[in-house]
Amino acid sequence: MTGSLLSVAGLSLGFDGDGGFAHILDGVNLEMRPGEIMGLVGESGCGKTTLARAILGVLPKNSLRVKGGAISFRGVDMLSSSTRAEQNALRGRAVTFVPQDPFTSFNPVFTIGEQIDDLMKWKSPLREQTGEGRLPALLTPYPRRRRKLDRAMIMETLEAVQLPQPAQILKKYPHEVSGGQRQRLMIAMALLPEPDLIIADEPTTALDVTIQAQILGLLRKLATDRGVAVLLTTHDLGSAYEICGSITVMYAGQEVEAAPIDTFFNDPAHPYTAKLLASLPDGEGGMTGIPGEVPSFYDPPPGCRFATRCERATDACARRPPAEERGANHLVRCYHPLPARTETVKGITS
Amino acid sequence: MNAVRRILSDRAATAGAGLILLLVLVAVFAPVLAPYPGDVANFHLTERLQEPSADHLFGTDRMGSDLFSRILFGARITITIAVVAVGVAVAIGVPVGLIAGFYGGVIGGVLMRCSDVFLAVPQIVLAIAIAQTLGPTVENVILALSLTYWPFWARLVYAETRSLKNQTFVEASTALGASDLRVMVLHILPNTASAIIVRTSIGMGVTILTAAALGFLGLGAPAPTPEWGRTISEAREFLPEAWWYAAAPGFAIFLVVMGFNLLGDGLRDILDPKTRRSGK
Amino acid sequence: MSTEPILALRDLNCHFPVRGSFGRRLGEIRALDDVTFEVEDGEILGLVGESGCGKSTLGKTVMGIQPPTSGEIIFEGRNVAGQSPKHAKAQRRRLQYAYQDPGASLDPRWRIGKSLEEPLIIHTSLPKAERMKKVREILAAVGLPAAHIDLFPHEISGGQQRRVGLARILMLNPKVVILDEPTAGLDVSVQATVLALFRDLREKFDLTYVFISHDLSVVRIMCQRIAVMYLGRIVEIGTTEQIFSAAQHPYTQSLLAAIPKINGLRVTENFWLKGEPPDASNLPRGCRFQGRCPHVQPICREKDPALKERGAQAAACHFAGSVFPPTAT
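Chains as they are written, first to last, in the numbering used here: chain A, 1 to 350; chain B, 1001 to 1280; chain C, 2001 to 2329.
No wet-lab data here; the hints were simulated from the structure.
By construction, the Cβ of each residue, glycine as well, lies at the ideal position given by its N, Cα and C atoms.
It is possible that some hints are incorrect.
Distance ranges between label pairs, derived from CB positions [as the list claims (entries may be wrong)]:
| hint | chain 1 | residue 1 | chain 2 | residue 2 | range |
| --- | --- | --- | --- | --- | --- |
| 1 | C | Ile2065 | A | Pro136 | 53 to 61 Å |
| 2 | C | Asn2270 | A | Arg226 | 18 to 26 Å |
| 3 | A | Asn329 | C | Gly2158 | 32 to 40 Å |
| 4 | A | Glu114 | C | Gly2275 | 22 to 30 Å |
| 5 | A | Glu114 | C | Gly2158 | 35 to 43 Å |
| 6 | C | Val2018 | A | Lys221 | 31 to 39 Å |
Working from the sequences, and respecting the hints, build out all of it.
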């Protein structure tokens, strides 16, 4: 599909383990346009992290079994082994990653400056331009001229993420800076290669709420200024509201609904989405929960995996519903979607 | 039986347990199994140093006694030394490590320095010294072994206790008002049990080797006790012609130590509370 | 109806020395600094703050796991400060603590039935039959089947482990339960069920809660009064209504401003609190919020403000009541 930056179509995969085959992702579809900020929302165990890792291509190869589907990023097939070289060129350069845990994401025995330099040595946007040869990794030098230009870019980016005294920070070791600062550094390192897509896996879950507000605001501002798309996985709907333009909801390895943000919060179509919103403390439902438990990945029910907990389920739900278009950019996979709300939709724009 | 089933599920543990079981059976039923039970004390000089044959499975030794029977009886001595020495070492080392790890501070420091001192003493030298002063008997071999071996368990339990002490469930028990003794014995000790058991199994093997070495040096049981190490020592002057004389006890030692090592390795994999089932 | 508060903290201090090489004392971390507040019988008091504010230390100090440096903890009329749980068994029985990670608070090698019996063995001399009867009773009260008695913790789900942890606390008929981050890391749908369970148990067993959390939206619906902590100090305390509608301390105002409001304006667009908390072992002189406060004045750098009361609400700010969150430009 032209104009699409990232296209996941019918992705189905799982892992072989002691208990059998765990079918983690089941027929997942996801589309992202350039510059879009999308939230991948779901509760623990829904497969959002696995999907993010699948796009990045960092799932454990030994136990991984892809059952079907495709991931296409900038037109390159990210799953096939024949395009391995192109995939490696894109990874870390056109698609970068902000991890959840800023504490373990840095190597504790190297300074921050050394680690950023290492990143720029291989993934700087200037590298392609200077046309360096392809020597084995240990022999490849870091040309002085590019190093100076890269340094300037590093300093500029560190200031853009609002880190105080960037030059000092580069000399520090990871344990000498705070969690909030580490996450800013991760964002800086995700931006330095000038990517098209940043995948942020629960980037603020481990942070305090005031720091979270700072980091989220920063991430959105930088992404919109630079035209970088962001795929943000989170289980916190509030964070998703803060920076995303659209949201895709996942349940037990299946995507169930994708909608622009106002529609998502005010006119959800899928029963799971509605129940999720009703569970919020500020929600209208008065904080109801969802009875039952998430099905096991080793023995998932056929068809729609939410059917076992859904009041609207019928026998038809034993086959996975196809994606139906409900409105502008609003897709839902359900045979019994909720009726549309007719009252005016409140939101950011009003 | 749950425990038996779990041991059988691991190949190393099964092999090891099998060998140990064999050792125990041999030791217990030696009088019945041995073709020449009297040869523990008797000698028949006319039959000395005969090759292995149908009559004498492992041949005969320098006194003409059947080597096979003597090896079987030697198993008793081996087990006694191993079990008592390791038993005493565990009985001293585990409480020391537990108390030192739990209380830390001065008590912990003193106890651990004590264990350092005993650890620094070479086993063989101490055994020789004890043999010189108190006499070369099996009991003194056991004494020497346990005195130098208990620090291994003390250090192991000390390290485990220190890390377990900070675990949430220990803190939760303390918050409920549990006394120190209760926490140490009922909560921390069971959680160190698997590490202790693994170490003990391997420790048995090492102890047998050391006891054999001491026997080889002439410390420990006097002649004509059929102790395996002593038998190898006797065989020295007759090598390489009477190869069976050293090979038989050597092979016995090898089997037993191998058995304990395998069992220890297998137990390490099995003993994890996360794989324990409630056995219903 | 004058009621003595069931739990009262007076000038509670908990300082940890920071040592350099050779054990030289470099400074101290004032994890709790003159903490004073009261908890009424039957209420749910929320204790809110971010990481490093001392709320966990507070929970552990009240429980006696962590000895305080000075101050009083008055529970049911008796001062239990500095007395570890094994020494003050009788006094402390009715004051219990629910861990953030309920699975970790159970001994992995003990069957659940045995873990539940433990409090009774430590505190009472009931015979086995009576103990098991009580175990079954409490299991039913938290909604778990009696079959769980023979299971190990790793054989039940996280949610069930949580209930077992609570059951263990309830074995002794406590009066006050300190809940340490009970909803941290929980999915939204599970959170709702857990909070309903807490409400249910409170009614059944007539409990008083100290609800420690960093999540203000949860605190809002569960608690009647809220105390806000920052770097070891209580900086504001008041009823839920007062805190949410008219917070007086700038830090409280920043916490409220940071909460995303779905279907409202995006809070991160103009979030005004900059910077991070200072190093806990090296606090500046004067108010500890001075480095980040938008209203800082010279006096803030000189004098550390005490809690100033205005009716039922109190705030530790020189300008309490007259400072408001900066509006978006």
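Now for the hints, and whether the structure bears them out:
{"no.": "1", "hint": "C:Ile2065 / A:Pro136: 53 to 61 Å", "in the structure": "56 Å, holds"}
{"no.": "2", "hint": "C:Asn2270 / A:Arg226: 18 to 26 Å", "in the structure": "21 Å, holds"}
{"no.": "3", "hint": "A:Asn329 / C:Gly2158: 32 to 40 Å", "in the structure": "36 Å, holds"}
{"no.": "4", "hint": "A:Glu114 / C:Gly2275: 22 to 30 Å", "in the structure": "27 Å, holds"}
{"no.": "5", "hint": "A:Glu114 / C:Gly2158: 35 to 43 Å", "in the structure": "40 Å, holds"}
{"no.": "6", "hint": "C:Val2018 / A:Lys221: 31 to 39 Å", "in the structure": "37 Å, holds"}
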